[in-house]
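Student: The lines below spell out each chain.
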Amino acid sequence: MIKALLRIVARRLFAIVPVFAVVTVLVFAALRILPVDPAQMSLPPSATIEQVEAKREEMGLNKPIWQQYALWARRAVAGDLGESAQYRMPTAKVVLERLPATIELAMCALVFAVVVGVAGGILLFTVRGTALESLGMALTSVVMALPDFLLALLFILVFGVMLPLFPVNGRLDPGLEVPSHTGFLLLDSLLTGDVSIVASAISHIALPVMALGLAFSPTIVRVLHSSLINTYQQSYIRQARLRGLSDREILFGQALKNAILPVVILVGTQFGGLFGGTLLVEMIFSFPGLGNLMVKAMQTADLSVIMAIALIYCAVTLLFNSLADAAAYLLNPKLRTA
Amino acid sequence: MRIWSWLSDPGLVIGGAIAGLVLACAVCAPWLAPYHPNDQDLLYILAPPVWAPDGAAEHLLGTDSLGRDTLSRLIFGARTAMEVAVAASFGAMALGAVLAHLAGYFGGRVDWLISRLVEIWLSFPPVVLSMLLIIGLGVGTDKVILAIVLVDWTRFCRVLRSEVQVVRGQDYVSFARLVGFAHMRVIVREIFPATLPMLITLFSLQMGISVVVEAILSFVAMGVPADVPAWGQMIADARINMFDAPWGLALPILAIFVTVLSFNLFGDGLRRVLDPRHRANGHV
Chain A
4 MIKALLRIVA RRLFAIVPVF AVVTVLVFAA LRILPVDPAQ MSLPPSATIE
54 QVEAKREEMG LNKPIWQQYA LWARRAVAGD LGESAQYRMP TAKVVLERLP
104 ATIELAMCAL VFAVVVGVAG GILLFTVRGT ALESLGMALT SVVMALPDFL
154 LALLFILVFG VMLPLFPVNG RLDPGLEVPS HTGFLLLDSL LTGDVSIVAS
204 AISHIALPVM ALGLAFSPTI VRVLHSSLIN TYQQSYIRQA RLRGLSDREI
254 LFGQALKNAI LPVVILVGTQ FGGLFGGTLL VEMIFSFPGL GNLMVKAMQT
304 ADLSVIMAIA LIYCAVTLLF NSLADAAAYL LNPKLRTA
Chain B
7 MRIWSWLSDP GLVIGGAIAG LVLACAVCAP WLAPYHPNDQ DLLYILAPPV
57 WAPDGAAEHL LGTDSLGRDT LSRLIFGART AMEVAVAASF GAMALGAVLA
107 HLAGYFGGRV DWLISRLVEI WLSFPPVVLS MLLIIGLGVG TDKVILAIVL
157 VDWTRFCRVL RSEVQVVRGQ DYVSFARLVG FAHMRVIVRE IFPATLPMLI
207 TLFSLQMGIS VVVEAILSFV AMGVPADVPA WGQMIADARI NMFDAPWGLA
257 LPILAIFVTV LSFNLFGDGL RRVLDPRHRA NGHV
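Keeping their order, the protein sequence lines are chains A and B.
Its first residue numbered 4, the first sequence is counted upward by one per residue in this note's numbering.
Its first residue numbered 7, the second sequence is counted upward by one per residue in this note's numbering.
Hints may be right or wrong, so weigh each one.
Quick look at which bits of chain B chain A covers, simulated, 3 or more residues with Cβ under 8 Å [unchecked claim]: (1) 171 to 177; (2) 226 to 232; (3) 235 to 248; (4) 266 to 279.
Please keep in mind that the hints were generated in silico from the structure rather than gathered at the bench.
No residue lacks a Cβ here, since even glycine has one placed at the ideal position from N, Cα and C.
Using the sequences and the accompanying hints, generate a full structural model.
Tutor: Quick look at the structure:
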């Protein structure tokens with residue numbers, strides 16, 4: 004069983020390799036069309052023409068574009084993603100430093116979205132046929148019209164300006180410092196054992212998490228709600244009722260584990276949207292992660308950083324797609340035999 | 007009969023009415039707006055709306071940090087938003103629909119190629135792809151439109167492709183082929199009318215998405231040029247002074263929210279009244 008499971012996951016993961024390879028070619032080509040000279044960007048403005056020319060030679064910019072790509076790919080596989088023009092440091096280092104913050108943010112937001120979405124979907128289903136259901140549906144329409152970056156700004160306006168309950172900048176109160184063991188601030192602050200530090204970290208991440216998570220949740224509510232309605236039309240639910248199971252037993256023991264399948268697929272396919280949302284939400288909250296770095300890199304045309312982060316965003320999106328695929332496959336016996 | 011059933015759908019009516027109002031604002035902006043959107047009134051800087059304690063009747067919704075009239079900028083912002091949304095949604099629809107019809111109708115290698123293309127596109131988070139495109143294309147209203155078309159055609163292509171596959175299996179399409187009609191004619195005259203309801207629904211939903219993308223790009227100064235009023239840009243300007251003038255931030259957010267909500271309600275309503283599965287007498 005476990006072997007079969009691993010084989011399924013491995014096959015899905017393997018399938019994304021060619022897609023990702025094409026993505027790297029596309030991003031590379033798109034960034035090379037730009038009227039920006041990466042050699043000049045990576046040198047101080049006082050560099051002489053000869054120095055720029057030498058740098059161009061070193062970076063392989065005088066070769067045809069497909070050779071440049073081959074060079075980039077060979078270095079990238081070895082972990083060398085070039086040098087950030089903005090920070091004058093290896094791009095891989097700049098990017099990896101900020102990766103944990105974004106992963107932490109995105110994962111917390113995902114958990115928040117799924118908890119709110121699943122709870123909301125079940126709640127909306129249990130009140131089906133009443134006015135509360137229509138009210139709940141209307142509420143999902145309202146939240147759906149508020150994309151993550153607008154929610155972020157609204158939260159700042161409400162919880163930062165009007166009733167200042169939460170901090171709206173960064174990851175920790177100024178003056179606090181946490182030794183980095185894992186890079187994940189929530190974990191590291193737990194490791195210090197200091198309650199005030201943990202509280203500070205949580206209060207800083209709360210609003211960005213809520214903005215990203217809440218924007219994603221109404222879709223989950225709607226999908227789970229309609230999936231539960233479909234599931235309840237199946238004959239086994241009627242049989243369970245005839246066997247004398249209570250409503251609660253039917254919902255949580257029988258229906259939910261089948262009705263959840265479309266939610267799993269939804270989360271996998273739409274995760275890219277949530278993850279992409281970190282771009283603006285991090286910028287709005289000055290949260291020092293990849294998204295914030297990406298916006299800065301875009302404004303300063305820091306090409307190697309843009310390329311590296313764009314590829315991370317794509318890789319994570321692909322990864323979630325294929326994991327959702329594999330999960331759907333495992334959850335649904337019908338897909339397995341087909 | 008049909009019209010009556012449409013009017014009894016509250017989402018469709020309310021969404022359509024508000025969306026129509028926003029479009030009307032966009033078209034009539036120069037006549038509706040009390041001031042030119044870039045005119046500066048230096049006597050009123052960061053003025054609050056008229057209902058606030060220090061509000062002035064000269065500027066109903068207040069002014070921004072440069073003394074520009076918020077109401078006028080909102081109205082002209084609607085013009086920018088609608089200009090981008092209509093053109094971009096139409097472009098994305100055209101590109102997505104053509105590819106979807108080709109893929110769904112011909113199947114085989116054409117379908118394989120187009121499906122792989124969609125797959126590659128979907129591995130980009132949409133925000134990341136649109137920003138990457140703007141970096142490559144440069145800023146400007148036409149560039150924003152092009153970026154949205156190049157990002158969002160997949161939304162149409164994915165949904166319509168499976169719709170085309172279903173329609174293609176219908177008897178009347180096979181008959182049309184048997185009678186000897188050319189592929190082009192079958193696609194345009196037999197299949198396209200059947201996918202049209204879905205297309206219109208997706209268009210309305212895409213209007214909302216386009217408004218959001220335009221706002222995002224303007225917000226990070228990668229959208230329309232600085233002298234063109236846009237809601238995203240108003241948000242970015244107002245964010246700096248949000249502690250002194252919270253209304254300046256709240257109003258453009260409200261404008262985006264109401265516009266997106268109206269197009270979503272209208273689109274969902276269209277889906278309910280246009281979906282063949284909800285209709286009694288089958289296909290067109």
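Student: Determine for every hint whether it applies to the structure shown.
Tutor: Structure-based check of all given hints:
1. With 0 residues carrying a beta carbon less than 8 Å from a beta carbon of chain A, the segment 171 to 177 of chain B misses the three-residue requirement, and the given coverage is violated.
2. Evaluation of the coverage hint for the segment 226 to 232 of chain B: fulfilled, as 3 residues show C-beta separations to chain A shorter than 8 Å, against a requirement of three.
3. Counting residues of the segment 235 to 248 of chain B whose CB lies closer than 8 Å to any CB of chain A gives 3, which reaches the minimum of 3, so the coverage claim holds.
4. Only residues whose C-beta sits within less than 8 Å of a C-beta in chain A count toward coverage, and the segment 266 to 279 of chain B has 5 of them, enough to reach three; the restraint holds.
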